[in-house]
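K.L.:
Turn these sequences into a full structure, and let the hints steer you where they fit.
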Amino acid sequence: MKEQKTIPPRSAEKILNRIIRPDLVEEVLGDLEEKFYATLAKRSPFRARLNYWYQVLNYLRPFAIRKRSKSYSNFTPMLSHNLTVTFRNFKKFKTQFLINLAGLSTGLACVLLIFLWVSDEKQIDKFHKNDDQLYQVMSNHTDASGIFTWRGVPGLLLEEIQSTVPEVKKAVATTDAHEYTLSVDESYIKANGKFASTDFFDVFSYPLAQGDPESALSDKSGIVISESLALRFFKTTDAIGRNMDWHFWGQRKTVQVTGILKNVPKNSSEQFDFIMSWNYYHDDLIEYKQWGNYYARIMVVLNSNSEMEIADARIDAIFKENLQGENVTLFLTSYSDRYLFSKYENGMQAGGRIEYVRLFSIIAIFILFIACINFINLSTARASHRTKEIGIKKSLGASRKSLVGQYFTESILLSIISLFVAFILVWLLLPPFNYIAQKELSLVPDPRLVYASLGLILAVGILAGSYPALYLSGFDPIEILKGKFSRKTGEVWARKILVVLQFTLSIILTVAVVVVYHQMEFVKNKNLGYDRDNLIYFEREGKLIENSEAFVNELKTKPGIEDAAVSGFMVGGVNSTGGVDWEGKTPEDQVQFWEIRSGYGSIDLLGIELVQGRLFSKEFGSDSANVIFNETAIAAMGMEDPIGKTIRHYQGNRKIIGVVKDFNLISLHTRVEPMIFLFNPEETHFIMARLKPGDEGTTISEIESLYESFNPGYVFKPQFLDQDYQALYASEERVASLSKYFAGFAILISCLGLFGLAAYTTEKRIKEIGIRKVLGSGTWQVVYLLSSDFTKMVLIAIVLALPTGYYIGNMWLENFAYRIDLEWWFFAGAGILALVIAWITVSMQTLKAARVNPSDCLRDE
Amino acid sequence: MKETGIGEFEEVILLLVGILDQNAYAFRISEEFESQTGRSISIGAVHSALERLSGKGFLTSEMGKPSAGRGGRRKRIYSITASGRRALTASRDFRISLWSQFPDFSVDQLSFVFN
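The listed protein sequences correspond, in order, to chains L and S.
Residue numbering for the first sequence follows this note's numbering, starting at 1 and increasing by one per position.
Residue numbering for the second sequence follows this note's numbering, starting at 1 and increasing by one per position.
Hints are computed from structural coordinates only; laboratory data are not their basis.
No false leads were slipped in.
Label-pair distances were calculated between CB atoms; the ranges are:
| hint | chain 1 | residue 1 | chain 2 | residue 2 | range |
| --- | --- | --- | --- | --- | --- |
| 1 | L | I462 | S | G69 | 50 to 60 Å |
| 2 | S | R86 | L | L57 | 29 to 39 Å |
| 3 | L | R47 | S | S97 | 39 to 49 Å |
| 4 | L | R47 | S | T37 | 18 to 28 Å |
| 5 | L | R47 | S | A68 | 17 to 27 Å |
Which stretches of chain S does chain L cover? Using the computed rule of at least three CB atoms under 8 Å from a CB of chain L, they are:
| hint | segment |
| --- | --- |
| 6 | 21 to 34 |
| 7 | 70 to 78 |
The structure displayed is predicted, hence computed values, not measured ones.
The beta carbon of each residue, even a glycine, is placed where N, CA and C say it ideally should be.
P.N.:
This is how it looks when you write it as structure tokens:
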């Protein structure tokens, strides 16, 4: 066996080879090898190798290291040269520059607007200093139709959590904000308020201007009011210790101001003007203090996030210990997630507003991309103007790298100028944008905006500049200078593909807009099963609680009013219960019913159709032990012949006297759910009236004066049911109108690019056109010749975009239980629109070219 | 130090180049340095000094013949230039002149204190 010879480590040699000056390599490697064998003779091979490495490392000295390329040494002169050339080019090709500028700056303006919107959305509720450890307790309720998720939890849970869950540092119980009436002496104001337990200001970072945050909410008769509310009542923010009255329904309580709240910041998902003590709410207002009553919202601050799962399990265990046999599970979710991730499906987090955030981010990228394509196409198309320049530079020794540098300078400079213009555009567009988006965005220079701007400059500069830079710098100088320069087919193809891509994206956006528009029209005009037109309602307060019947009777006599009644109906639903038992109910038959409290005439007033039996009516004596269901409820209970049967409601036994047709109470996002009408006129919260169409203004002021005579002092605040209904779809409506504008911009930018290309092609072919005309070709033939290429591209884009648009449209529509069908003409419409716009754009150029006088363009002097 | 343009280390290297004559290339110089001074040194450090001295004009160099022990690579042989010699002499003379001024051990300049 031949003994293997020990040789110097080859990897070290390789490294040395790469690092040191080429002229030193031979002698150095020789020396090191000699050293290696000298060491090897005296010591172990390992030592020899180690020493070799040591020697290599010792060659990392300034004198020996290979010098980097020398372009850095004249960086500044090259940059200033590049800038000069860039500016000259901008000046020389003004149209191209303007098209690029217009396209990029509109694109960037869209992106900036979307960026502002998205980052604002993402900031919501993030201002609490406990944000990272702040969780909300939620409840999952399982019934026959699946799992649905609520924010409501039993109020009794609060003390249990505080005393038995060590992972929880702080816990607070609150209610949702609701509109109540407050009064000081004879001045009444309606304001949004909530109840919250003592630790509220510890858990949430709502700063107090005055008062002690620790104790402001501990006293039952304490109230914390916002600065603006204090100004309205007391004309000063220095209002601690002043008294006011809180009214709700039949309740009236005198409370004392214990704190002044700085106005709630706009990026809080909950807006309120006052907070009262949870102790009062829980002790005095809640009748059914049971574990099965989900009236509280509980938020906890954990010691650390890693304990989230333990805390989650403990809280659920507490609940299960106290309430057995219910299919309810409690869980924790991050508090600040509730704004963007509010939707739950089958107990699982399923998006929410975040979908729109993502959608708009994608649109922003689309638009940016479309704008960059314009730049790429125009600069490669115009390359022939610059071939001489490139040829000469190259033959004078310019490296490819420095040419690439030049084109990047060009694109980055353009993107800087565009960004500047974009900022002006954004500044101009912000007011209308804020109006549509219902935001208060502004262009304040915060670090995120600065980073985003820098990022945009680089992204656009590189995205738009890379292809031209690599393409143009790759020309062979000999060919160019000989004038033999010919275009490779690949380049023309690349340009065509990019145009197709641009139009594909634009058409997808258009289809999306058309789909959204039609669905929103559908939603607005959908027959809900009740008549929501001309219905107004207002709260029963003060004297209207006892005198409601007299008031309603008075109302009915007014000429402008068709009908009126007390009512507990509210769009979106108020109360839901699982506490209904019926004959034959099995443990699996968990059904949640929406409760609607009614009086005489309430259901008739809504125009809900009766299917069986009768409605509540005075003619049959007292109806207080009777109920009415909707069809879905009857089906859910599996009743064959419901009329006359008895069910057990948590308030007592009730007899079914009628069944009404299904109507849509919650929203068109969900199917109609089971509903139960209870006869309980004393506790209906509203008075509702249907106005005769025509002179609604006068009628309302008549109602107001009647209201004032019955209920002096209180604020008359009528609301239209129709507007409540529209408000349910406000976010969709907003998205619809915003995406309309963005799609418009996308098409506009695409067309700018097409315009530039068309201008260029006609210019290139002007001689050909001249000859064709001399040989007898007509105007339209020339137009056809020039447009057919573009038409083909747009047609391909249509073919690509429609299936994608169909898919996306379908996905969005799945959010609605009641939705439109996707009609073929949505797509045809979008396609034809794109084609027509493209034609118009191109024809501006082609018509001009086709009308040209051959003698003008063929003369060559 | 008087302005001779060389430091102590450089001076040693320069002297070693003179001593090794035809064998004065980086590896041998470093070996010689180690055996003469007892200090270990990397070839890179020696090479760097040689380069510096060449830059100052004290050394010239040329490529020698390829040899087997070096993987068939050539070595760069250094030799001292006239100005290199002058710098060495100047540096030596300077030291000698300094030493000549250095006082001998003389008793009268020391004071012994006996208790």
